[in-house]
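Undergrad: Protein chains in written order, with our numbering: chain A, 7 to 253; chain B, 7 to 253.
It should be emphasised that the hints constitute simulated quantities derived from the structure, not laboratory data.
Positions of the beta carbon are idealized from the N, C-alpha and C atoms, including for glycine.
Treat the hints loosely; a few may be bogus.
[To be verified] Residues of chain B placed beyond 10 Å of chain A at every Cβ, according to the derived structure:
#1 Ala26
#2 Tyr152
#3 Asp166
#4 Glu182
[As the list claims (entries may be wrong)] Just so you have them, the derived chain B footprint on chain A, three or more residues with Cβ under 8 Å:
#5 41-54
#6 62-74
#7 96-108
#8 158-168
[Unchecked claim] For each label pair, taking beta carbons as the anchor points, the in silico distance ranges come out as:
#9 Val178/B - Gly104/A: 43 to 53 Å
#10 Ile185/B - Pro165/A: 54 to 64 Å
#11 Ser78/A - Val193/B: 45 to 55 Å
#12 Gly228/B - Gly104/A: 20 to 30 Å
#13 Trp92/B - Glu88/A: 55 to 65 Å
#14 Val193/B - Gly104/A: 52 to 62 Å
#15 Asn89/B - Ala183/A: 46 to 56 Å
2 protein chains.
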Amino acid sequence: MENGSVNDPSRSPSKPDGLARLVRPVARLRTPFAEKFGVPRQSGLVAEAEGRVEFLPEFAAPEFTRGLEGFSHIWLLTGFHENPIWTSGATVRPPRLGGNERLGVFASRAPNRPNGLGLSLVHVLELGPGFIRVAGVDAVDGTPIYDVKPYLPWVEAHPDATTGWAGGAPFVRQPEAVILPEEYALVMGDVTAVLVKRILQLDVQPAYHDDPDRTYGMTVAGWNVRWRTGPDSTLVVYEVTPRETPK
Amino acid sequence: MENGSVNDPSRSPSKPDGLARLVRPVARLRTPFAEKFGVPRQSGLVAEAEGRVEFLPEFAAPEFTRGLEGFSHIWLLTGFHENPIWTSGATVRPPRLGGNERLGVFASRAPNRPNGLGLSLVHVLELGPGFIRVAGVDAVDGTPIYDVKPYLPWVEAHPDATTGWAGGAPFVRQPEAVILPEEYALVMGDVTAVLVKRILQLDVQPAYHDDPDRTYGMTVAGWNVRWRTGPDSTLVVYEVTPRETPK
């Protein structure tokens, strides 16, 4: 690694240089989300979204996580592996602003960004040999993890930080605004039914899709779930089918 | 990027695969720290440690940071570029534990880790064209930055998170426990003198170095500063000289 090589303004960051870095997964994250649609837009928003950090064989020895006992939260540095390689878009259109206002990619948490690296803060549920069971995931199943770091609240907890355009916590619907008929809950089981309800309480569909006749679908925990907008801004689940097993 | 390629337990993460990723700097961080010794061990610990995120030409257009106004804090995803490439050490010896207890690399924030990626939370002082002036840096001058993300307190502020072996905030000496003779403060200027005092208030020297005759040195903001342990656990600066300009 050569320091100072970025000093030359004529160099292009598109070409590898001494400060470029090839990162390789140390683990992958198993989650209930088979596809991007329906994934919570930040970590921690859906506590019921459980995941599993599965270390690759080279990093699976218990020594690698020795001392992680007693930490309630960990960082996952992830890759947005299902997003296209970033090309040159300086701006993005965050769904929170209705999808029609452009903001700088470095002023947003959009997945389509230079280097495609994500940052998720998750709650530790269980530390096992070669794995960590976590809650509050916000990533597609199979997401590569490039690093795991303990969370340090005296450094990283700033409840009074200001957030410009992002405002405060995202809008969450009242539980009764999501209508999941009991027959579907029975089919999916209580745990998955609660997870589906929590996801739909968040503003999962784009804000500019307010067409009441439009239907939506997502795949969660092995179930294809379809819903539409009902009266009084409710969301009504109208179909639940087992996901056809891939491969 | 091919999903599922980590599924094969026989693959080695030392070989690039579909989930490996070449990351390139989008910016570099200018800091007062010419060398690793003396760098605060976490971001935010020394508010007086100011830095400057200087975007590379490809990312310097104001569009890239449009909307960052109003955010008090940002994340920097950095590279520990002065650390050797990680080889195979599953454990590290954190300085906070006196350097003689081994903990898993994923249970620590040690710089010598797989993929060598760092995470710093810094305070935004000024947003300018092609740069961001920040406070609370914890990195060597010239550190590559692979991503800049806004801080979201409703997701990332967990003041009550538990921290296992790391306990609470690090030990900080009383201001009067650092003796910086007025003659040196005059030479360096007030701003640098305060920065040097703040750094020395932190436990900058390894805990297992308690030899009162031993001397230490660091280079901060263009000054070589030398100190030793004095009576009553004080630290006494005994030499301040301008750093010879490199190159």
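Undergrad: Decide, hint by hint, whether the structure agrees.
TA: Verification of the hints:
With a cut of 10 Å on Cβ distances, Ala26/B falls inside the contact zone with chain A, its closest approach being about 5 Å. With a closest Cβ-Cβ approach of about 5 Å to chain A, Tyr152/B is found to fall inside the 10 Å limit, against its non-interface label. Not every CB of chain A is more than 10 Å from the CB of Asp166/B (nearest about 7 Å), against its label as outside the interface. The Cβ of Glu182/B lies farther than 10 Å from every Cβ of chain A, with a closest approach of about 23 Å, so its non-interface assignment holds.
Check result for the region 41-54 of chain A against chain B: holds, 4 residues qualifying (beta carbon to beta carbon below 8 Å, three or more required). Only residues whose C-beta sits within less than 8 Å of a C-beta in chain B count toward coverage, and the region 62-74 of chain A has 12 of them, enough to reach three; the restraint holds. Using a Cβ-Cβ cut-off of 8 Å, 3 residues of the region 96-108 of chain A lie near chain B, which meets the minimum of three, so the contact claim holds. For the region 158-168 of chain A, the assignment as covered by chain B holds, since 11 residues bring a beta-carbon within under 8 Å of that chain's beta-carbons and 3 suffice.
The hint said 43 to 53 Å for the Cβ distance between Val178/B and Gly104/A, and at roughly 46 Å that hint holds. For Ile185/B and Pro165/A, the hinted distance range of 54 to 64 Å is not satisfied, since their beta carbons lie about 36 Å from each other. Here the CB-CB span from Ser78/A to Val193/B is close to 47 Å, well matched to the stated 45 to 55 Å. A hinted range of 20 to 30 Å for the beta carbons of Gly228/B and Gly104/A is inconsistent with their spacing of about 49 Å.
For the pair Trp92/B and Glu88/A, the supplied restraint of 55 to 65 Å is violated, since their beta-carbon distance comes to about 27 Å. Distance hint check: the CB atoms of Val193/B and Gly104/A are about 56 Å apart, consistent with the given range 52 to 62 Å. Look at Asn89/B against Ala183/A: about 50 Å separates their beta carbons, and that is inside 46 to 56 Å.
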